[in-house]
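Participant: The primary structure of each chain is shown beneath.
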Amino acid sequence: MAVVTEPKSSDELITIEKTSDQLNTITLRIARSNPSEGHETTYSEFKVPVKKWTTVLEAILYVKQNLDHAVAVRYSCRQASCGSCGMKINGKPSLACYTKVSELHSNVITVEPMNNFPIIRDLAVDFKQLISNHKKMKPFIIREDSEVTPESKEFSQTPKDLEKFLQFSYCIKCGLCNSACPTMATDTSFIGPQGLAQAYRYVADNRDKGKEDRLKIVDDSHGIWRCHFAGSCSHVCPKGVDPAMAIQLLRGYLLGFQK
Amino acid sequence: MVRQFYLVIKMRESIIMKIHYGTALGAVVLVAVHILMRMTQNFGQSLQYQNVIANYHFLPYALMLEVVLILLSVHGFNGLRVILLELKQGSSYEKMVNYGSIVAMAILIAYGSRTILMAGMGIS
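Chains Z and X are the protein sequences, given in the same order. For the record, in the first sequence the residue sitting at position 210 is 415 according to the working numbering, with numbers rising by one throughout. For the record, in the second sequence the residue sitting at position 61 is 65 according to the working numbering, with numbers rising by one throughout.
Treat the hints with caution; some may be incorrect.
Said to hold, decoys possible - Straight-line alpha carbon distances no greater than 27 Å define the calculated DSS-like cross-link-like pairs of lysine-lysine that follow: (1) K269/Z / K343/Z; (2) K358/Z / K416/Z; (3) K22/X / K341/Z; (4) K297/Z / K22/X; (5) K340/Z / K414/Z; (6) K343/Z / K14/X; (7) K256/Z / K92/X; (8) K416/Z / K14/X; (9) K464/Z / K92/X; (10) K92/X / K340/Z; (11) K257/Z / K269/Z; (12) K369/Z / K269/Z; (13) K99/X / K305/Z; (14) K369/Z / K358/Z; (15) K99/X / K14/X; (16) K22/X / K343/Z; (17) K365/Z / K305/Z; (18) K343/Z / K365/Z; (19) K22/X / K421/Z; (20) K378/Z / K333/Z; (21) K464/Z / K365/Z; (22) K92/X / K341/Z; (23) K14/X / K341/Z; (24) K414/Z / K92/X; (25) K464/Z / K22/X; (26) K297/Z / K444/Z; (27) K14/X / K464/Z; (28) K22/X / K369/Z; (29) K22/X / K333/Z; (30) K99/X / K421/Z; (31) K252/Z / K297/Z.
Unchecked claim - Going by beta-carbon spacing under 7 Å, a handful of chain X positions derived as facing chain Z: (32) K14; (33) E17; (34) S18; (35) T44; (36) L88; (37) L89; (38) E90.
Treat the hints as calculated values from the structure; they're not laboratory data. These figures come from a predicted structure and were not determined experimentally. Just so it is clear, CB atoms sit at the ideal spot from N, CA and C, and this is done for glycine as well.
Take these sequences, add in the hints, and give me the full structure.
Facilitator: The following block contains the structure:
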């Protein structure tokens, strides 16, 4: 286990603002592994100076910039829009850029790769299956006519129609819901809450005509019926999407309660 | 027969689950009737040989027991199939689980029906 202490000189503080006189120090434990080279998971500990608004991603980037350049982490927007920096923070799947160190109420923060995803290295996981399941759901409006021709008008949609699916269109494909899903932990072929919520998003859209296609795709032995309604997907979603509800509503279509 | 077996295997999951929920509801109602019937006499008496045999000789009750047997077998083995499918994945494994649960279900229903029929006819 590598233990690296904080830099002695304040000039070395790159990510964390230097002007604050209220720098606290936390211990950041980062799970390190490289399955392609057969390395088992170990934890590296780093002392990181933080302020009350420092996010976990900033703490990790501080480590990358100052203490260990080799830490593998995926990130991009730093504002909970791209869905790249999903990881387990103190055991809970969260976005690193959207989780402040101060809200964890702990001086020791453990970051690990998300569950139910193959690990590429350290905190970076492989999103291939998530993206493939997302694509399988045909995440686009299916209909014969188009609203982009000069003769056609845009498809009408009332605010009430929009309300039916709006929250599900906020999905950023971060994979936290799939990581928290207990079914995905054992059933590797399960579509997952992300894909199912996206299927509902388009099925419930009044402009879409591809309902039958999508219902056929989710009505599989590893599809919608394998959800146990644990609700952990909805609990961890950083965008307030409720995939568990989407799955129940989608079941309504298959059972004939919804048309 | 083979074609029907194939149709059962290829049934859409939503139809299987409708059967699953339906058999659960049916079993809850009929088992409740069964328990209420047991309460017409005390528990010890209801298990006496003559009383048990009398149940099978009373045709409506024997038919109800047959229906309970079918409902519980279908529901139980489908539940087991679902658990096994979640436990492990793979084409040949899933085929084995699907076929295996149907065969086990049929065997249990056949064996239970044989018991109900023989007891009803007074063969022991």
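Participant: Next step is simple, just say for each hint if it's right about the structure.
Facilitator: Results for each hint:
1. A threshold of 27 Å between alpha carbons decides the hint, and for K269/Z with K343/Z the separation of about 38 Å lies outside it, so the pair is violated.
2. At roughly 22 Å between alpha-carbon atoms, K358/Z and K416/Z fall within 27 Å of each other, so this suggested pair holds.
3. Between K22/X and K341/Z the alpha-carbon distance is near 25 Å, which keeps this suggested pair within the 27 Å criterion.
4. Straight-line distance between C-alpha atoms of K297/Z and K22/X comes to about 35 Å, which puts the hinted pair past the 27 Å bound.
5. Distance restraint check for K340/Z and K414/Z: the Cα-Cα separation of roughly 17 Å lies within the 27 Å cut-off, and the hinted pair is therefore satisfied.
6. At roughly 24 Å between alpha-carbon atoms, K343/Z and K14/X fall within 27 Å of each other, so this suggested pair holds.
7. Between K256/Z and K92/X the CA atoms are separated by roughly 46 Å; this puts the pair beyond 27 Å, and the hint is violated.
8. For the hint linking K416/Z to K14/X, the alpha-carbon distance of about 22 Å falls within 27 Å, and the restraint holds.
9. Taking the CA atoms of K464/Z and K92/X, the gap is near 34 Å; set against the 27 Å cutoff, the hint is violated.
10. With a C-alpha separation of about 24 Å, the suggested pair K92/X and K340/Z falls inside the 27 Å cut-off, and the hint holds.
11. Distance check on the hinted pair: K257/Z and K269/Z sit about 20 Å apart at the alpha-carbon level, within 27 Å; holds.
12. Restraint check for K369/Z and K269/Z: not satisfied, since their Cα atoms lie roughly 43 Å apart, outside the 27 Å limit.
13. Between K99/X and K305/Z the CA atoms are separated by roughly 48 Å; this puts the pair beyond 27 Å, and the hint is violated.
14. Restraint check: the Cα-Cα separation between K369/Z and K358/Z comes to about 22 Å, which is no more than 27 Å; the hinted pair holds.
15. Simply put, K99/X and K14/X have alpha-carbon atoms about 11 Å apart, close enough for the 27 Å limit, and the pair holds.
16. Proximity of K22/X to K343/Z is assessed by CA-CA distance (about 26 Å); at most 27 Å being required, the pair is judged to hold.
17. For a cut-off of 27 Å, the pair hint linking K365/Z to K305/Z is broken: about 35 Å separates their Cα positions.
18. For the proposed pair K343/Z and K365/Z, the alpha carbon gap of about 23 Å is at most 27 Å, so the pair holds.
19. Pair hint K22/X plus K421/Z holds up; C-alpha atoms about 15 Å apart against a cutoff of 27 Å.
20. Using a Cα cut-off of 27 Å, the hinted pair K378/Z and K333/Z holds, with the two alpha carbons roughly 12 Å apart.
21. This hinted pair checks out: K464/Z and K365/Z have alpha carbons roughly 16 Å apart, not beyond 27 Å.
22. Between the alpha carbons of K92/X and K341/Z the distance comes to roughly 22 Å, so the proposed pair stays at or under 27 Å and holds.
23. The suggested pairing of K14/X with K341/Z holds, with an alpha-carbon distance near 21 Å, which does not exceed 27 Å.
24. With a C-alpha separation of about 35 Å, the suggested pair K414/Z and K92/X falls outside the 27 Å cut-off, and the hint is violated.
25. Under the criterion of a C-alpha separation no larger than 27 Å, the hint pairing K464/Z with K22/X is consistent with the structure, at around 17 Å.
26. Between the alpha carbons of K297/Z and K444/Z the distance comes to roughly 15 Å, so the proposed pair stays at or under 27 Å and holds.
27. Of the pairs offered as hints, the one joining K14/X and K464/Z holds, with about 25 Å between alpha carbons and a cut-off of 27 Å not exceeded.
28. Proposed proximity of K22/X and K369/Z is supported: the alpha carbons are some 25 Å apart, at most 27 Å.
29. A hinted pair counts as satisfied when its Cα atoms are at most 27 Å apart, and K22/X with K333/Z does not qualify at roughly 33 Å.
30. For the hint pairing K99/X with K421/Z, the CA-to-CA distance comes to about 20 Å; that is within 27 Å, so the pair holds.
31. For the given pair, K252/Z sits about 21 Å from K297/Z by alpha-carbon distance, which is consistent with the 27 Å threshold.
32. Because the smallest distance between the Cβ of K14/X and any Cβ of chain Z comes to about 11 Å, over 7 Å, the interface hint for this residue is violated.
33. A distance limit of 7 Å between C-beta atoms decides the matter here; for E17/X the minimum to chain Z is near 5 Å, and the interface restraint holds.
34. The beta carbon of S18/X is positioned within 7 Å of a beta carbon in chain Z (closest approach about 4 Å), and the interface hint is therefore held.
35. About 37 Å separates the beta-carbon of T44/X from the nearest beta-carbon of chain Z, more than 7 Å, and the hint is not met.
36. Hint status for L88/X: violated, given a least beta-carbon distance of 11 Å to chain Z, over 7 Å.
37. Hint on L89/X holds. Least Cβ distance to chain Z is approximately 6 Å, under the 7 Å limit.
38. With a least beta-carbon distance of about 5 Å to chain Z, the hint placing E90/X at the interface is held under the 7 Å criterion.
The structure does not agree with the numbered hints 1, 4, 7, 9, 12, 13, 17, 24, 29, 32, 35, 36 stated previously, though it agrees with the rest.
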